[in-house]
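Line by line, the protein sequences give chains A, B, C and D. For the first sequence, position 166 matches number 166 in this note's numbering, and the numbering has no gaps at all. For the second sequence, position 82 matches number 1082 in this note's numbering, and the numbering has no gaps at all. For the third sequence, position 10 matches number 2010 in this note's numbering, and the numbering has no gaps at all. For the fourth sequence, position 477 matches number 3477 in this note's numbering, and the numbering has no gaps at all.
Hints listed in this document are in silico derivations from the structure and should not be mistaken for laboratory results. Note that this is a predicted model, so its numbers are computed, not measured. All the pointers check out, no bait thrown in.
30 angstroms max Cα-Cα, derived DSBU-like pairs, lysine-lysine:
| # | chain 1 | residue 1 | chain 2 | residue 2 |
| --- | --- | --- | --- | --- |
| 1 | B | K1107 | D | K3482 |
| 2 | A | K132 | B | K1115 |
| 3 | D | K3479 | D | K3443 |
| 4 | D | K3479 | B | K1115 |
| 5 | D | K3166 | A | K59 |
| 6 | C | K2140 | D | K3479 |
| 7 | A | K131 | B | K1123 |
| 8 | A | K132 | B | K1110 |
| 9 | A | K59 | D | K3316 |
| 10 | B | K1115 | D | K3482 |
| 11 | C | K2077 | C | K2033 |
| 12 | A | K67 | D | K3501 |
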Amino acid sequence: MAILTLTINGEQVSGKDDESLLQIARQHDIHIPTLCHLDGLSDVGACRLCLVEIEGQSKLFPACTTKPQEGMVVHTDTERLKRHRRTIVELLASEGNHQCAVCVVNNHCELQDLAYEVGLQYVRFPYLYPKKELDATHKSFVLDRNRCVLCTRCVRVCHEVEGAHTWDIAGRGIDCTIIADMNQPWGTSPSCTSCGKCVRVCPTGALFEKGQTVAEMEKQRDFLKYIVTARTKREWVAEATEE
Amino acid sequence: MPLPEKKSAAHPSGDNRFKLLDRAITKHQSSGYALIEVLHAAQGIFGYLETDLLIYIAHALRLPLSRVYGVATFYHFFRMKPNGKHTFVLCTGTACYVKGAGAIQEKVEKHCGVKFGETTPDKNVSLIAARCVGSCGLAPVAVLDNAVVGKLNPDDAVQRVRQWEEKTEEVPA
Amino acid sequence: MKPKVATVWLGGCSGCHMSFLDMDERLIELADKIELVYSPIADVKHFPKDVDVALVEGAVSNVENEEMARIIRRSSKFVLSFGDCATTGNVTAMRNQFSPDEIMHRAYVELADGDPTIPSEFTTIAKLLPQAKPLHEIIKVDAFLHGCPPTPDQIWFAISELLAGRTPELPNVYLRYG
Amino acid sequence: MTLEDLNEVAEKELARQQALKNRVLYCSAAGCVSCGSEATRDAFKASLKEKGLEKEIEVIGSGCMGLCGEGPLVKIASDDTLYQNVDEDAAQKIVRQHLLDGKKVENNALDPANPFFSSQLKIVLENFGRINAERIEEYIAVDGYEALAKALTEMKPDEVIDEIRKSGLRGRGGAGYPTGLKWGIVRKAASDQKYVICNADEGDPGAFMDRSVLEGDPHRILEGMAIAAYAVGANQGYIYIRAEYPLAIERLRLAIKQAERLGLLGNRIFESQFNFRIDLRIGAGAFVCGEETALIRSIEGRRGSPKPRPPYPSEKGLFGAPTLLNNVETYANVAPIINRGSAWFAAIGTPKSTGTKVFALAGKIKNTGLIEVPMGIPLRTVIFDIGGGTPEGTEFKAAQTGGPSGGCIPNDHLDLPVDYESLATVGSIMGSGGMIVMDSESKMVDVAKYFMEFCADESCGKCVPCRVGTKHIYLLLDKISKGNATADDVALLEELCEMVKDTSLCGLGQSAPNPVLSTLRFFRHEYEELLKPVETYIPSDVHE
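Make a model of the complete structure from these sequences and hints.
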């Protein structure tokens, strides 16, 4: 592991060579918007919101999966990036059925926050109004696919942290959808442990607890870093293995 | 999970096709990496991939159910429903498009009353759109019950489908 | 001459208009500054010509809404999408997952208290469009006022800006969906 | 197997062929098979048997002979006469007149001076119409596996890579990355396990070059892969091939078995320390699996969703090991380069784009089929001399190269040389080799819409710009084509195209807007003709 020096938005910063540009930027209070990224989960580079410009490269790179290099000059908030980010949020808004007014996470929603951050006045593309199914068969939770942005955080937390791999993506392209096991009602899932991690990591109101009404649900996502830290450092077995 | 562990070379149902499937699975050392190969084999043996079959495969390869379902629905080649008795595979590649595959599609759909990607209600004819069958020199091309037919025109296409319909009528089920 | 202002209620719940009325005493100030030439709260039969500013609440949900939207566009110098339904379709567009027939059946047959019949589109109610759309998918819109409903402060700000001759590029404090 | 053994196989086969009076090679590629070339074969065999010549004249299937629109094609080996439209009657006639009396059947014979043949240069397709694709002996008889023997017995891996680098060979899958450079990176990657993959997931609609190569000369690919594996230090190869190509799959399976039997695949090949095996992996209908990271995931039995690069497959590819990925045509060029030397290869084509390129000519063109031309040849020569131009009564409008990732090239640019850089200057790409000709009947907005529907349907759905952006590009094009759009929509379309190009995760999304951007560039008037004015405020005095 080596410490590297690079420039982000004109500011000299340093970071480790195994960290991502996103981690390094955040350590230096440089904000880069994200959606599919969540501390504690693997990165997939899917939402494209954290794209940054690197001098000398014509392509854009996702900050979450790009490693630093000595002397790298990075820009995170150029006009080009801002324009693209706004379009990404527009595309996401047009893709689902998002009615903030009646959503359980209204005012606590990452998609809504992104819309404010990019200054989304209106969506220039026609809303697609897809016919998506709501699954309320689980005793404690609900999956409303209308509000899903396909960030796959639920899929990853279930596989990587809980180890159940109840969720996955079925279909492809615009028809992609989150499924439980054999695309069966969540309540009948043989693999689900009902741990609720997926609900907590979901950035929108697609996964929520039963019994919550409009704007009531605030999601606590801090738990993830404790579990992940404990696991990677093997804290819970430390005493047993020290002997 | 209320599902039986996979037993070698014998399915509780006594269905011998599972023996064939087991052979394909063993050939790949029951490795999850071979999922797509095994799905190919399963579709070849059973004709299509129904949920129970996918569960069987998931257990045999020790893969999460949703992973198997996700892979099976990602690839266009895999079918979750059986095809009709006859298949009309229309090539929708660029050469065929330029040479009028669209008109064939329209006419055949109108004749059959179903769209490409669907099967007629009597389960006689499945209309399937293929990406490109690679016989661009003969565009527009269709594969009718596994026989490639080139330089097709809309009327001929409908005529071919009609022949299938007549044959069904001759032999009442 | 005072600027001519119209407010219109298309496929919405009238909540945005309620919020408009919630401007309370500021309405008196507003009455001095504008001429309200058309509104659900004024008894005017036809949308007038040469309107300076039109505030349009609601999504475009039926043929009458669509016709009205086009009249508004032709006759107004400035069209403002007024609230979330006009801007995004919002709750009005939640019906878009179903066909108009399914919706009519649900509303007038399944949920009927008395006589379960679907009213004729020629007599009592306008025919539904296949989908309810935000206003800007039907006509060109000049600015947007968000919220379900927009707060009286937002509305006041937007109108004040317009009266001052500025396009209300709403600052982010006023950008809120839901 | 030693070099001597190899020569012995070759000599034996040549002697066998010498003993024959003649050879009738019928085209056994999918195009001709679907025109009935198997019935033609049977007619030949029956007719020869009738004349008692079945032992002296053999009838064998060979690779694609080019003019796929005029099949079945048949070649007579003794004088290289190529016959077109050979139905059963024609077959009998050829036996009577040509094989017995030595007189050509003029009705069906093709003129070798025809520019369709004379403007071509064949390296990749050189064995087509020469050998039986189903017999390894025939491949060996035309110097097959000699390059592998040479590499293993006379050259160090670095020397092989150097030879490829000096030849100037670039990836034939479309992007044109220098092959030698790629091999060098995989060679340098430190790992006990490395893989070599052949990308035969030819997904561009309107392209059938790779299929033809695999059907017509499968050993060429196995040999190219083995040489590559030796050079980079891999011992396992995979060929990822589309399920839509059953004949090519069958031929490859057979070829692998034959090569294993002769010890040309397996352990200690040519008594060296080099071990190499090849397995097939059958695709399942996903265009995106042509993208290398998606292809690798698919071989691993997963959904074919691409991963961000870096890390590149050359560092971390299949099962996490360094992996070399090349396309079919790239591997097909390897053996000739090793056999004949990099200088020979580099002298063909242009300085930056060396060698030849195989194209599949299709669409509104007289001669549809498979061709191979030296790089740098003007597009006009390809379309009008080789292709014979558009059919009578229609006018050439555009040539589409690069499939859904490419662009439409108009008449004004037909003098452009066919090389990687020149095609890029007009917003298209070399692509894998599909070339579709459009005439005055083709509406360019509809063409763009066709490709966009394809891309939207083939998007894996992982990243937002491609998943949702391609859908909206399609919807905008649909709106334009139906006459419902305004100039604002075209501006939005252009902005969205730039955005999808800039932000998509993989090559599919990044290149998906190309057909739209290139038609907007050269055929903007066709878009503008369809627009309607924006409805806006009309003052009442104008109203009245």
